[in-house]
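J.: Can you build the whole structure from these sequences, using the hints too?
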Amino acid sequence: MAQTKQQKRDIFFQKHPNCYICGDIATQIDHMPPRILFLRKQAPVDYEFPVCHRCNHNTSKDEQAAAFLFYQELNNMENDPDERKRLKKITNGIKNNNKELLAELTTHSSAVFQKKTFRETFGIHGDILRHRGYYMASLGKECQHVMFTFSYKMLHAIYYKITGFRFSGYIFCRIADLKNKKEFHSIKDITESMQYKEDIIHRFKSQGNFFYKYNISLENDAFSVSIFFGGQFIILLYGFLEKFIKEDKRAPHLIEKMKNGRIFKHITFDECINKNWK
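Position one of the sequence shown corresponds to residue 176 (the numbering used here), numbered consecutively onward.
It should be emphasised that the hints constitute simulated quantities derived from the structure, not laboratory data.
Every residue, glycine too, gets a C-beta built ideally from N, C-alpha and C.
Please note: incorrect hints may appear among the correct ones.
[Unchecked claim] Ranges of calculated distance between the beta carbons of each label pair, as one might list FRET restraints:
1. 368 <-> 228: 38 to 44 Å
2. 423 <-> 446: 21 to 27 Å
3. 432 <-> 210: 35 to 41 Å
4. 263 <-> 434: 39 to 45 Å
5. 278 <-> 190: 39 to 45 Å
6. 232 <-> 427: 31 to 37 Å
7. 423 <-> 263: 46 to 52 Å
[Claimed, not checked] For lysine to any residue, the following SDA-like pairs were computed, each having C-alpha atoms within a straight-line distance of at most 25 Å:
8. 260 <-> 403
9. 183 <-> 220
10. 421 <-> 435
11. 236 <-> 200
12. 372 <-> 340
T.: See below:
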């Protein structure tokens, strides 16, 4: 006899009773990456995580915006009606739920801004790409916030999937802009040096939308992951548990160096999840 939807939920929460982000009692199921990132919401198999109301509710509008920023950039939509329809749904959501981000994107999408950005990046070929319908984003304050929030959740999700445990510790993030050739080659080298590649079970056309490689210590207390969604940006994340910091003499110096440096952003629960919670 087939299980009902409610029975499947009950079994899921029996196996996963606590929120994968904060550890509170889980009451909802979170899809990470969010299904809106994928055509027809055909997300990869088994990327569902137990989450509390606060951690899920307080990041939903940021996930919608991040789906646009991580996947849309430098992709040509004109020949794919399904993609255009999905993009319209995402942009309508941003218009309704995130007016600050919309204002920032509107400024950065102006003809003058796009012309300047494409010429700086692609030289004489910039105008050709721009006239074919391509678009590039620039990271203003609001864009950075939604991307860091999204990245914070992605590290927790992937760590939980790999280890079965909740991550708790320091997280450092870099959003690499692949239109920058120097940065592209640097991140490419880091990604290729990572030891593990997850075998993702994709549905429909999600193969090009989600890819990651990672390294993890034998004790699961130090973790790095490189995540790509097929767009203009790639996420590079480093996570260090308290255990690693206490037991490795080099760790405190490394943490302080990363906190004070300009390459990585130290992202926290308060900044990404708890900031506007009521």
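J.: So the hint says 39 to 45 Å: do the beta-carbon atoms of residue 278 and residue 190 match that?
T.: holds (43 Å)
J.: Given the hint of 46 to 52 Å, check if residue 423 and residue 263 actually sit that far apart at their C-beta atoms.
T.: holds (49 Å)
J.: Please work out if residue 260 and residue 403 have their alpha carbons no farther apart than 25 Å.
T.: holds (22 Å)
J.: Need the status of pair residue 183, residue 220: alpha-carbon distance at most 25 Å?
T.: holds (15 Å)
J.: Tell me if the straight-line CA distance from residue 236 to residue 200 falls inside 25 Å.
T.: holds (22 Å)
J.: Please test the hint of 39 to 45 Å on the beta carbon pair from residue 263 and residue 434.
T.: For residue 263 and residue 434 the Cβ distance comes to about 40 Å; the hint holds.
J.: Would you check the hint for residue 421 and residue 435, treating anything up to 25 Å between C-alpha atoms as holding?
T.: Holds, at roughly 20 Å.
J.: For the pair supplied as a hint, residue 372 and residue 340, is the alpha-carbon distance within the 25 Å limit?
T.: With a Cα-Cα distance of about 19 Å, the restraint between residue 372 and residue 340 holds, given a limit of 25 Å.
J.: That 31 to 37 Å hint for residue 232 and residue 427 (C-beta), does it hold up?
T.: About 35 Å separates the Cβ atoms of residue 232 and residue 427, which means 31 to 37 Å holds.
J.: Do the beta carbons of residue 368 and residue 228 sit within 38 to 44 Å of each other?
T.: Between residue 368 and residue 228, where Cβ atoms are some 39 Å apart, the hint holds.
J.: Taking 21 to 27 Å as the stated bounds, is the beta-carbon spacing between residue 423 and residue 446 within them?
T.: holds (25 Å)
J.: Starting from the hint 35 to 41 Å, judge whether the C-beta atoms of residue 432 and residue 210 obey it.
T.: Since residue 432 and residue 210 have Cβ atoms about 38 Å apart, the given range 35 to 41 Å holds.
In terms of the numbered hints stated before, the structure departs from none.
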